[in-house]
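Chemist: Residue strings, one per chain:
Number of protein chains: 2
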Amino acid sequence: MAEKILIEKIKQLLAENRAEELEELVGDLHPNDFSEIADELSPEQITEIFKHIKDQEKVVDYISELSTDLQTILLNALGKEQASEILKDMYTDDAADLLGEIAPEESRELLDLLPKEEAQEIEILMGYEENTAGSVMNSEFVALQEYFTAEEAIEHIREMSPDTEMIYYVYVLDSRTRLIGVLSLRDLIVADPHKRVSEIMEEDVISVLDTEDRETVARTISDYDLLAIPVINEKGKMVGIVTVDDIIDVLEEEVTEDIHKMVGSVKVHEDKLIKTSTLKIATARLPWLLVCMGGELISGMIMEHHAGLLEMVLALSFFIPVLMDMGGNVGTQSSTITVRGLATGELRMEEFLKIVWAETKVGIFIGAITGLLIFIVTCLWQKSLIMSIIVGLSLCITVVLANTFGTLLPLVFNYLKVDPAIASSPLITTIVDILGLLVYFGLGTFLFKHF
Amino acid sequence: MAEKILIEKIKQLLAENRAEELEELVGDLHPNDFSEIADELSPEQITEIFKHIKDQEKVVDYISELSTDLQTILLNALGKEQASEILKDMYTDDAADLLGEIAPEESRELLDLLPKEEAQEIEILMGYEENTAGSVMNSEFVALQEYFTAEEAIEHIREMSPDTEMIYYVYVLDSRTRLIGVLSLRDLIVADPHKRVSEIMEEDVISVLDTEDRETVARTISDYDLLAIPVINEKGKMVGIVTVDDIIDVLEEEVTEDIHKMVGSVKVHEDKLIKTSTLKIATARLPWLLVCMGGELISGMIMEHHAGLLEMVLALSFFIPVLMDMGGNVGTQSSTITVRGLATGELRMEEFLKIVWAETKVGIFIGAITGLLIFIVTCLWQKSLIMSIIVGLSLCITVVLANTFGTLLPLVFNYLKVDPAIASSPLITTIVDILGLLVYFGLGTFLFKHF
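Protein chains in written order, with this note's numbering: chain U, 1115 to 1565; chain R, 1115 to 1565.
Same shape as in the complex, but just chain U (with noise of 0.2 Å):
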């Protein structure tokens, strides 16, 4: 509510052109405060807020937080010669997010308004792949020589006067700017100022390789419990950092694109859900479903198959659907939580036939309560004792297969070297109706040609 007031109040000292009191307001927001206001603001109004915002860093750092596509709009309405200012005080890894939206030519010539070697590190962010850990790393980090004393350094770092707030580790380079060693800024408070470098440092460092993929990143950061990694190149040489801040945001991502998989989904909207079209939500949708509505005809077929039993006992239909659907509920549990676990490191493929283990008891478990409960209730309804145990035993059946086949798939999912996730809710549903279809029938069929 505070925020509907805020944003209202600078609707109106905009339209006003109030400049002073806009900057008042708005001139000591939090980043992150900044960009929920602009979502509901014009790309205009935005332009014309940032006119009257004196401290250029600050404007940086709202721009920073924006979504890539407003920055491009804001970007373009800046005007060439604004945009490469701020391009220029941006971390090296935003500027390189956000060049790598726009067109090409566009990018080269804001490129080549940047001094030189300011470009030529956002050029090679640019050049990684996306998802590796140097497309997630920024090139601003602290190096010392090994022969620096805590209080050299200390000094160092305070001529230096780094404005990355992500100087909690500095890293020590030799000669040819290999890592060699790490410590905190904690280290070198906290050490006796005449100790040199080399004696206070960790040289167990723990750093990932530029081609990694960022999520691996992102689980050694949260295994370790680092603030930042280091990144190197192939050849030892330190060539950024990783922070915790935008691991979480990867982490956060990645989780939302394996859920979305695991409704045999692709997660396509970038920004938000309701701002992306139609078309482009329903076809990141559809290849599974069409799959599965495939799948699910076989099952048709299964049941044109045995129409002429279906004709003699027609009350066999009414099972269809719970037998059906319970196959699928187990199914999707547990292919959902092994993939989950699998993710989260929970599960291990050393483990591969414990797993399925356990999953199979729990199976039995489940398949055996819900069963002898449908025979029951089958017993009451169609007072058929033949008909009771064809619907409780497939039942009982297909939860087994299902509990088993939803974990046993993205095991070996994981194993081929495909995404576990693959292993989806409709894809589990779809076999296990097959399967549980192809038991009802063979124990009908069975039963009723025999007793």
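It is possible that some hints are incorrect.
Copies of the same chain are indistinguishable here, so a pair counts whether it falls within one copy or spans any two.
[What the hints assert, rightly or not] Okay, derived cross-link-like pairs now, DSBU-like style, lysine-lysine, Cα gap no bigger than 30 Å in a straight line:
#	residue 1	residue 2
1	K1351	K1202
2	K1475	K1381
3	K1172	K1118
4	K1389	K1468
5	K1375	K1118
6	K1394	K1375
7	K1381	K1468
8	K1531	K1375
9	K1349	K1202
10	K1394	K1475
11	K1475	K1118
12	K1118	K1165
13	K1497	K1389
14	K1194	K1118
15	K1168	K1123
16	K1118	K1531
Think of the hints as simulated: they come from the structure by calculation, not from any bench.
Starting from the known structure of chain U, arrange chain R on it as the hints suggest.
Modeler: Relative to the frame of chain U, chain R by itself:
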């Protein structure tokens, strides 16, 4: 693989009682690496290893990374004296977590062995309700007075030589320990040494209440890109900090819980799935399965109600699998994506109608395409125009209903302050199945009667 060799080597050294080599091998591991190795060793072996590590701090680091189950076993094995020594050196939040897991009498005994102040701090933490900021914070942080100069502040930190790695922010408190400002180590180092803390500090401190939900804390840290957030009590006094590494774990756990809920289960296994009892897992999954089994029996009854129509046109039953499955899949897609969108904040309740409308459009699109396809397939397969119309139209309507319902239900639950993840895939599937069958048989009865 390297891990396996290391474990074998450790076991061998233990068996041969080669203490020095053992310390050399194990004494310098990262706690996270040690915890992975400890997973493969018996508690006796771990206790044995600890006896050989001379550096007590290292032992504390190692123990802190282990699972609570293992921690309690080890503390018992080590005896009260050493156990209290270890507790004293642990971070207060870790110590509180551990003591909260063991029997009250035992934790009382251990607390009595600790220095009084330390014991009090831990007891306060143990008093916080689960999942609150208080329950995940720790009480070690660096506090300064506002009249300190930057130089004095650095000197103060050096003297304290805090063992905490998490002193990247230092907090400024007034005489009544109320939080009045924050600054980073970097700010202190970069600042003019004679400037006062009050001139350097940021006065707009983002903080959280100790009773706040830990998920809110996690989201605040992530939104504002913080490394730690101060926790204050209702009187405005600063009582602790929550650090970003703890928050990553919180976010992961919350996501896992959400994912389990989405498939109608409860996350029960604290530690590892394969170590959790079958009964525990099965009873976590059963409730929703049973509810849905009941729902699917209603589907069966709807079919029984239309037995006449089914007897007349048995082929109608062949399409029930595809109809039900598509409804379930589409409903699961939209509900899961909505639940995730609400969790990440991408979907906001103010946009309720826009979201539902966006998803309805997607439903219409998918419904039209799949409906048309199944119409063609039915024409070819069953060679009946009426049937093809019934099947195609029913599928189209079911898909639209499923997509809209799948979005609507979590939004409504969220509005009613019920966890939106309750709108799980089993629930949505069941509701949509019933709706789909009603549409199907309604259309079937109508068309076969009139044409």
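Chemist: Each of the hints needs a verdict: does it hold here or not?
Modeler: Hint-by-hint comparison with the structure:
1. K1351 / K1202: Answer is within: at 24 Å inside a copy they meet the 30 Å cutoff, but 41 Å across does not.
2. K1475 / K1381: For K1475 and K1381, the Cα distance is within 30 Å only across copies (17 Å; inside one copy 34 Å).
3. K1172 / K1118: within (22 Å within a copy, 52 Å between copies)
4. K1389 / K1468: So K1389 and K1468 pass the 30 Å test across copies only (10 Å; inside, 45 Å).
5. K1375 / K1118: Result: close neither inside a copy nor across copies, 36 Å intra and 33 Å inter.
6. K1394 / K1375: Close inside one copy (16 Å) and across copies (28 Å); limit 30 Å.
7. K1381 / K1468: between (33 Å within a copy, 19 Å between copies)
8. K1531 / K1375: both (16 Å within a copy, 27 Å between copies)
9. K1349 / K1202: For K1349 and K1202, only the intra-copy Cα distance (28 Å) is at most 30 Å; the inter-copy one is 44 Å.
10. K1394 / K1475: between (42 Å within a copy, 11 Å between copies)
11. K1475 / K1118: between (54 Å within a copy, 29 Å between copies)
12. K1118 / K1165: This pair counts as within: shortest intra-copy Cα distance 22 Å, inter-copy 61 Å.
13. K1497 / K1389: Intra 55 Å, inter 42 Å, cutoff 30 Å: neither.
14. K1194 / K1118: neither (33 Å within a copy, 58 Å between copies)
15. K1168 / K1123: Classified as within: same-chain Cα gap 20 Å, cross-chain 64 Å, threshold 30 Å.
16. K1118 / K1531: between (49 Å within a copy, 22 Å between copies)
Hint compliance for this structure: hints 5, 13, 14 are not met, and every other hint is.
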